[in-house]
Structure formats: C-alpha cells, structure tokens
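One line per chain: the protein sequences are G and C, in this order. Using numbering that gives the first Met the number 0, the letters of the first sequence correspond one by one to residues 0 to 805. Using numbering that gives the first Met the number 0, the letters of the second sequence correspond one by one to residues 0 to 338.
It is worth saying that the hints were derived from the structure and are not from the lab. Please note: incorrect hints may appear among the correct ones.
[As the list claims (entries may be wrong)] With a straight-line cut-off of 16 Å between C-alpha atoms, the simulated EDC-like cross-links for lysine to aspartate or glutamate are:
#  : chain 1 : residue 1 : chain 2 : residue 2
1  : C       : Lys135    : G       : Glu607
2  : G       : Lys379    : C       : Glu280
3  : G       : Lys31     : C       : Glu257
4  : G       : Lys44     : G       : Glu164
5  : C       : Lys217    : G       : Glu404
6  : G       : Lys346    : G       : Glu427
7  : G       : Lys365    : C       : Glu230
8  : G       : Lys501    : C       : Glu115
9  : G       : Lys584    : C       : Asp331
10 : G       : Lys505    : C       : Asp148
11 : G       : Lys744    : G       : Glu758
12 : G       : Lys537    : G       : Asp683
13 : C       : Lys336    : G       : Glu517
14 : G       : Lys494    : C       : Glu230
15 : G       : Lys487    : G       : Asp436
[To be verified] Examples of chain C residues toward chain G, derived with CB under 10 Å:
#  : residue
16 : Glu68
17 : Glu69
18 : Ala70
19 : His107
20 : Phe249
Ideal Cβ placement from N, Cα and C applies to all residues, glycine included.
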Amino acid sequence: MNTALSWIKAYVPELECTDQEYCDAMTLSGTKVEGFERLDKNLDKIYVGEILSIERHPDADKLIICQVDIGTEKLQIVTGAPNVKVGDKVPVVIDGGKVAGGHDGGPLPEEGIVIKNGKLRGIDSYGMMCSIEELGSDRNMYPEAPEYGIYIFPADTKVGADAIEELGLRDTVFEYEITSNRVDCYSVLGIAREAAATFRKPFVAPEVVVKENGEKIEDYISVKVEDTDLCPRYCARVCTNIKIGPSPKWMQRRLAASGIRPINNLVDITNYVMEEYGQPMHAFDLSTIEGNTIIVKRAKDGEEFQTLDGQMRTLDSEMLMINDANRAIGIAGIMGGENSKISDDVKTVVFEAAAFNGPNIRKSAKRLGLRTDASGKFEKGVDPYNAEAAINRACQLVQELGCGEVVSGMIDVSVELPAARRIAFEPERINGLLGTDVSEEEMKEIFARIELTLDEATNELIIPSFRQDLEGFADIAEEIARFYGYDKIPVSLPKGEATAGKLSYKLRIEQKAREIAEFCGFSQGMTYSFESPKVFDKLLLPADAKEREAITISNPLGEDFSIMRTISLNGMLTSLATNYNRRNKDVKLYEQGNIYIAKSLPLTELPEERMQMTFGSYGEGDFFSMKGVLETFFESVGMKEKVEYDPNAGKSFLHPGRQASVIYKGVVLGYLGEVHPMVCANYDLKGKVYVAVLDMPNVIPFTTYDRKYEGIAKFPAVTRDISMVVPKNILAGDIEKMLAQRGGKILESYRLFDIYEGEQIEAGFKSMAYALSFRDKTKTLQEEEVAGAMKKIMNGLTSLGIELRK
Amino acid sequence: MKETLQAIEAKALEQIKQGDTLDKLNEVKVAYLGKKGELTAVLKGMKDVSPEDRPKVGQMVNDTRAVIEEALDKAIKALEAELMEAKLKEEVIDVTLPAKKPEIGHRHPNTIALEEVERIFVGMGYEVVEGPEIEKDYYNFEALNIPADHPAKDEQDTFYINSDILLRTQTSSVQVHVMENQKPPIRMIAPGRVFRADEVDATHSPSFHQIEGLVIDKNVTFADLKGTLAEFAKELFGEETKVKFRPHHFPFTEPSAEMDVTCFKCGGSGCRFCKGSGWIEILGCGMVHPRVLTMCGIDPKEYTGFAFGVGLERIALLKYEIDDMRLLYENDIRFLKQF
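Construct the complete structure from the given sequences, taking the supplied hints into account.
As structure tokens, this is what we get:
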C-alpha cells in the first residue's frame, strides 16, 4: 500500500518528523515501511512563470522565444513546445535547477537532470519550461496535463510561486507492507491511527456530515439480501442530479500518490473512500436497475455475465451476485456489470457499501481469474461497521464537491452485527509472557492510544470493531510489546530444566555418509523432489515398473515438476549432464534426498519417505572405484561382514553386464553399476557414467558406532598362493564364498592378486590367483592344519569346475 | 722390534691418509689388521721373543693396533659423512613443484550452513529432529492456527496432492508433531525441505529449506526468544553482530517478530548489499500462539514457548555471497568446489 505522508498528516495534524524517523518508528511499532520516495527528489528551482510574449525564432521553424515573468525576474526562454500562448502560467526551471526526467517520459535518471542557461540555435535561453513528464509524472496522474507540451497551471495560480508545491509534489510517498491480520491498516485512516499511536499524537478522524436533500431513499430503491451468510451487511445510498466532471486537484493528487489514476469526480470519490476507509464501494446507475430493486443472492451454475471490463464470465452457484428485479448487475465484491455501468450522462447513482464473506470472495475471485482492488480488500474480511461510515463519507464528498445531491436516508440490510469483543486484562500474565516489567499504568496508557477501553468493573478490554485481529490474551500482549517497544524488551536465555542437544542417529549416519563421500572425492549436489513423468521413459523403466507408481501433484508448476520422485537417479544424471555440457572434467557428485513411495494410489495416507544416498560420476573412476566408495562407507559405520554383489540387479537403466545389487546379510541395500548407454544418450551424456544408490532405511539398522578391540595377532601367519584356471562364468564372489566356507576359522584373509584372460588361456576361461593367509590367534599353526584347510579348498575348487594352473 | 712397529704404524697411517675410497681403507685394514696382515705377522713372531719380554712386546703391538684402528675408524667415518653429503646433494628436489593432493569432494553450501546452525543449537541443548515432507493439511495449516479459509492456504502458494495431503510449505509442521509426542521441556530444531509454488528465478525456488526452532517450557518469555536468537546471530555471523526485532504477523505465533541482523558486509553503516539500511532480514519468530499449544494438548496457562523459522538458502546466499539461488540446484562442480 502506497500513501502520501501529507494524507496521513491530514488525520494526525500534530505529526512532526523526518521521513526517516517516520519510516523507522512506524516499522518498529509494526507498520512496516518498505520504502519511501520524496516526490520532489530531483526537482529544484522550479517556479510558476507567466508567459508575457512569444516571438518566432529567426533560425528555426519549430522553436519560439518566450519572455517569462517568474516573479523575481523576467527570463527569455526558447522552447519547442507547441501548446503555450501568451498569458499561460507554466512551471519554469531556472539556471542550476533540476528536473526529474526528459520530455519524452522515458525512465527517470537516478540523479535527475540539471538545467543550465544556454543557447538554442544562437538565441540565449535562461532556463526551461517543463512538461509533466519532466516533472517526473505523467498524464495518468495529472489528467489535466496536455498530451504533448508544457504543463499549464490554472489561471489563478500566483506568479513566482513554488511550482513543486503547486503540483502537490512537496510530499513523500511511503510504501507499507501490511500484514494480513491488519485489515484495518489497508486504509489511510488505519495507518494514520497507527501513526498517531506511535508518535503519541492525537488522531483526528474526518468529520462526516451529510447534507441530505429531503427526498426519501425508499422512493428510489429497495434492497433485499437473500444469502445473508455471504453478505452480513449491505448499505445503499442514493445521490441524484449527478454532474460528472474532474475531481478537485487535492483529491487527484492524493489518489495519484497512491498509484490510482484520477478519472472523474464520481469514480474518484469511490476510490478515495476505498483508500481512506479501506471499504470498497460500488456505484450503479439507477436508470439501469430494473424494478428499482437490488437483490443479493447466489448465481446459478453456468450463468453468463458480462463484467464492466467487457469480459464474459461464467458463474457458479457459490458466487454471490448483485441483481436487479430481472438480472444480475454485478459480481458482489469483485466487479460491477457492463449493464449497470456509470456513463457520463448518469443522473442518479446508487452507492453500495457492503460486508461480504471474505473467504467466499477469495474463492470466487480465484475461480473467475479476476482479482480486483475490491476483492483483495474483501477477502481479508472487512469490518461491517465500516460500511456505514464509508458510504456516508462518499455522500458527503458528492455533496461537498458539487458532484450531486444526497437523497435522505440509508438502506441498511444486515444480520445482527457482532457486539464489541471483550478480552480480560491480565497485566501480570502479559509481563510474564514478554519477560518485562511494564506497569499497569503504562499498559493503560498504551490501550488509550490504540482506542481500547478498559471496563474497570469487569477488568475487561473493549475492542473496537476495526481491530478484528485482537482475539485474545496473546494479541493484547503483542499490542503492549509493540508500543512499549520490542527494542526495550530485555534479553535473557531460557532457564528451566536442561535438555540434551543431539542429532538423531539417522542424521548422524547421514553426516558420516557425507564425510566418506567427500573423502572419496564426491561433492554434494541437491536436486528437486519433483520431476517429470517422462523420467521413467528416459530411464527405460518397463511399463509395469514399480517406480512408475508415483505421487502426482494436483497443481504443479508444470509437467516437468509434476510427480514426486520414486527414484533418485534423474536428479543425479541431470546434474552430471549439466557438468558434462559445460565441459567439466572428471565429475563426482553425491546427493542425499528422499524418494516418496506411496503405500497405495491415489494417496490416502502419507507415503514412505526413503532417504537415498546417490553417487554418480563420469571421467576418472570405474565400476570398482564406485564399489570401493560403498565399502569405505560401510566400514566407517561398523559394517564388517562381507558385502555381496548380485549381478542380477534387474535395473533397466544400467548396463546389463555391469550392474549389481548390494547385499548385506541377505538384505538388499541398493545397487550400483554403469549407466546404460541408451540412458546416457537420453541425458546427452557421452562416455561411461557410474552410479550407486544406497537406500538408507535399509542400511541404517546394520550400522553401529560400537567398536571392540580384538587384539593384535601374536602368532605368525602361513601364506599360500593358488593360481587357477576358472571357467569364465564363475564369479569371483562364488570363489570367495567357497574360500571363506572351506578355509574355516584359520583362514584369516584372501586376496585376489591376479586376473587374466587372453593368450595362453583357453577361450572361455580366465586365470585367477589368490593369496591366502592362515593364522590361529591362540597358537602357532601346524603345517598339517594348513594342509587340511588347503585340501578342503582344493576340493571346493574342483566342485566348481576349477583347475589349478599348471 | 720397536722400530719395526713404528715403521708399520707410520706406513699404515700414511696409507690411511691416502685412502680416498672405502675400498682402499678396507685394503689397509686387511693389510695391517687382517689375519694375514702385518701386525698379525708380528704377533705370530712372538714365539721368538723371550718370555719375559712378551708382555711388553704384546703391549706394544696392541698399542700400535689401537692407533691404526682408531685412525682407520676416523677415516672411514669421515669418508662416509662425505659420501652421505654428496648423496643428499644429489637428491635435491624442486619443492615448488605442484602438490599431490588427494581429490576430496566438497559439501553443498546449504549443508555447510545447516551444520553451522545445528552446531549452535545443539550446543544450546536443542535436539535436531525431522518430519515428513509430504504432509497432512492439518499439520501444515490447521494445527498452526491457519484455518481452512486463510489466504496462505491458497493453491497459488501450496502444492497439493489432494485436498488432505500436500507438500509442506513450512517446517513449522514439525512443531506440531513434536508437541503432540513429547512433554515439555521441549527444545528442538527441525531442518528440512519445504515447497512453494514459486517460479524459479534468482531469488525463488519451488523447493527450498527451512530450519524451524521450538522451545516450550514453563515461564519461557519473549525476552528469552530475543536472547536466544541474538546469541544465534552472533555465533553465525560474528561476535559484532547486532539484532533488531520488528513486529510482524504469523498465524501460529503471537506476539510475532521478524529479526534483522546488522549487515555483515558493512557492519551496519549501509551498503549496496543491505540496500543502504545497514540491516538484513534473517528470520521470523514469535511466542507460540496459545491456540496452537491448546491444539497440541499443552495448557497455555502452564506453558509458554517460542518458535522461529530460518530460510536456509537465505543464510547460505548471504553468508557465502551467492547472487543467484539457481546455482544451488544446478550442481555445477565449479560452483560446489568453492565450498
């Protein structure tokens, strides 16, 4: 909300402060000032001048030479403006003065433009006459300004006067951020009340006196509200003998400073009252209201209606309409109808000031795709008491501005309006909540400033109707806090029982996983939780893949962000592709993020959120280095058993011959592999890409930070090497499983130290060599014990179809 | 005899002097002290010496031997030292050649900022907890005193799965879970992902992170809130940091505030970074609304509390001077490597 400070001061006449003081104090008392701008920021030395004479420029057809009286002196000014004539009063900027913009009305330069004496085509020119654009505004805000040329003041303007002042530009416009609970502050009066309370100055509300013409309103119009649930109050007044014309300058200036374009007196009055009181109003042309009746009721489903912007709107039965005897004439609280629009030859108008149901207006406006200033105010919930005040204010202005006469009486259809709210006054509890020691007297003084009255008999505060936000104890405490001063509330730390600060075990393991990933050279990435359903095709997932059972967002930002991920790979591959496209070499990334697994679709209960530790790399590294990362992590979290790898992982998006499930104690913890070349192509990745994914909920139960010292071996180890010719289809894992089984307790370790295929080895076979190490922790091993174990191992090899290499 | 020994000694010492390699010195050793060496030969000739002279002669031989041994030893050590020195000189390296660094990875700036925040609050006795990202409407809105018709619930802000289930828009939802399941005293922070229907640009993302904080106990005051967050700001942004609390509105706290910190770029004097104000808005906070406490089964007359919510990206962007939020989700390695 933007408002000129001069308008605020109209209701807080004693307010004296600099712009910055106002900004700081208002922000600290809760009316946040987003910014402010002096309208005369770049205007200097500009006076009202009268054109005494005009002659043609001898050397330029389009220039004229003016003699201008600016009160203190007479200046010769050369101009190209086509619209000036002798006797015109114009803004004149003199040597060394400043204007805000160029005459073409383009973007305003930050520092303005300094004007200097000079020559135009050889003729001296002492200053410049200004257009409204050069003064930093435009015809929208100053409708009386000419379309092209110099701004011309009314004939009675005093020569030599400060032109900036005359234009109402000696002012500052403040922009406020009003919080959604303070509906009352979406109005000049509301902010003025806050300013008065903040600066401890009296608040002087406008005096509203309506001079009526003696005719009866009942002779003009009747009002019936059928759906009172959506319209608790409807006030109507009638003004007649309307004369449409421009509104006075002061009103135009105030509206313009608020960013509202002046149109004509009638429109400006409704806009002015909406700004001043925060109460949206509407004006109907009585001659268009059939049957002289207004009926407020819900629309019919599918009904069509043309709003005054000319658009056809389709209504539904939850939208509240203003009707006459035969048809709809306006959408309540949102926009009037084309059929009852005010025209320039309007004779009699019906003003409407109503309280409509906020949530209903909000929903209707949204369904219609039509948010207006009025609907924006109604949806926050207006004060039903305000309607009457505002409509009277509008009638007063009609009469005072000579816009028309006010018909006697007001039609007021309303349900029983709520009585003033009462809240117990609990000074000790307030101090207890704030940690302050504010005296009861001081609290009472604050209440007086914000128009809360204390009923001494019941010790209750009586809340004015415009403070709908004050509902209970905590709200009262906040009022005390903000006027006592948030900055004056002391600073302490919570006392009370000590609590143990800690991370959950899950978070600790995740932290460890980050450390290990980074130790292994992987950097952490983050990607979105929602993605495109096209991901499944990109990952070559079959039509019946479980991953396709994804949760859909009903109102996504677009299809690309419409489903909650069920697999973490898309984010990783997309990030790798980003790096690849930017020619970054050897990229290793990891991500920790949830996937979302629905228990059933459509969703009836919350899905499972499973944390995935996802690794991805291209460039340096291969399948086995990725495997090494996983095993390093497992070791670091106390998972000492042998991790198994099943090549039948069944992942469509991985190379069929280079993928594995990661299995620990029979539980699948995740998978790793080389990304399928077709998937790589789908992501515009070239070369080999490796990924690994750990499903953390399955990993965490196996992790432990418990460690037990097992002693350092005292007795010597016996080593044996075996060199074998192995059928190609036998996996190292199978051999190692057999070694572990048959080697028995004394087999301390085994290590593959050579693997070879090719020359000297028969096709279909590979050569493998293991170093075995035997040890007994309690004694020196006897040769026959090792021989026994070796024999078992040899038998095992034979049963696998493996021969020792000759 | 004496002369013989003296001659041997003189000859040996001369040869040691001449010995400029270890091999030559070894030859000297063999020639004089070895089994077939000259001194050994003298000893072998002892049988010709009269028995009464033998000890004397023996002594003389031993003395000579000692002199030669000592001289040899000295010469060998000197030569070895010389050789070592020559060898070390050979082995000189260019210490300014590039280092061989283990290629370690880098943590995401969001996580670095989060771990900072966690460290500070864990130190103050807060437990770090998590809650669901896909959440019931009740926990995200209703239980936080945001009734069905509140504008904040408008679809334009919230991603819905259906009328009852949504993507949480704030980590404040975790407050409710904690209060429902835990008796006061409660001190917790809840970091996590939140979602809002904002189009992606330099300052907006439809998915970002918040850290919610909650303290519930007897006699918790607004002053405690101020003290705690002032402490937090100092820890996070430096000892010099000052804070300012401005009244604000959140449905689930009352009184509510926004906290500004002195601009860490200019220290409060005003610069482009803080748009000249000297202050930077950092978080929202307030005393837990009595209605929220009641809905969670906590008696607002017995207990009070405060809550706060910090935008993690906001902290990361400010602290590390990142000028575009999109960088946080692109995962360009050249960006990540800077942290």
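Now for the hints, and whether the structure bears them out:
1. Distance restraint check for lysine 135/C and glutamate 607/G: the Cα-Cα separation of roughly 13 Å lies within the 16 Å cut-off, and the hinted pair is therefore satisfied.
2. Of the supplied pair hints, the one linking lysine 379/G and glutamate 280/C is violated, its CA atoms being roughly 26 Å apart against a limit of 16 Å.
3. Of the pairs offered as hints, the one joining lysine 31/G and glutamate 257/C holds, with about 11 Å between alpha carbons and a cut-off of 16 Å not exceeded.
4. Simply put, lysine 44/G and glutamate 164/G have alpha-carbon atoms about 11 Å apart, close enough for the 16 Å limit, and the pair holds.
5. At most 16 Å may separate the alpha-carbon atoms for a hinted pair to count; lysine 217/C and glutamate 404/G exceed this at roughly 63 Å.
6. Proximity of lysine 346/G to glutamate 427/G is assessed by CA-CA distance (about 61 Å); at most 16 Å being required, the pair is judged violated.
7. Of the supplied pair hints, the one linking lysine 365/G and glutamate 230/C is violated, its CA atoms being roughly 44 Å apart against a limit of 16 Å.
8. With a C-alpha separation of about 14 Å, the suggested pair lysine 501/G and glutamate 115/C falls inside the 16 Å cut-off, and the hint holds.
9. For the proposed pair lysine 584/G and aspartate 331/C, the alpha carbon gap of about 11 Å is at most 16 Å, so the pair holds.
10. The straight-line distance between the Cα atoms of lysine 505/G and aspartate 148/C is roughly 37 Å, outside the 16 Å bound, and the hint therefore fails.
11. Of the pairs offered as hints, the one joining lysine 744/G and glutamate 758/G is violated, with about 37 Å between alpha carbons and a cut-off of 16 Å exceeded.
12. Proposed proximity of lysine 537/G and aspartate 683/G is supported: the alpha carbons are some 11 Å apart, at most 16 Å.
13. With a CA separation close to 11 Å, the supplied pair lysine 336/C and glutamate 517/G stays within the 16 Å bound.
14. With a C-alpha separation of about 15 Å, the suggested pairing of lysine 494/G with glutamate 230/C holds against the 16 Å cut-off.
15. The straight-line distance between the Cα atoms of lysine 487/G and aspartate 436/G is roughly 11 Å, inside the 16 Å bound, and the hint therefore holds.
16. Among the interface hints, the one on glutamate 68/C is violated; its C-beta lies about 41 Å from the nearest C-beta in chain G, farther than the 10 Å criterion.
17. Taken as an interface hint, glutamate 69/C does not check out: its beta carbon lies about 44 Å from the nearest beta carbon of chain G, beyond 10 Å.
18. For alanine 70/C, the shortest C-beta to C-beta distance to chain G is roughly 46 Å, which exceeds 10 Å, and the interface hint is violated.
19. With its C-beta approaching chain G no nearer than about 4 Å, histidine 107/C sits inside the 10 Å limit, and its interface hint holds.
20. Here the hint on phenylalanine 249/C is kept, as its CB sits about 9 Å from the closest CB of chain G, short of 10 Å.
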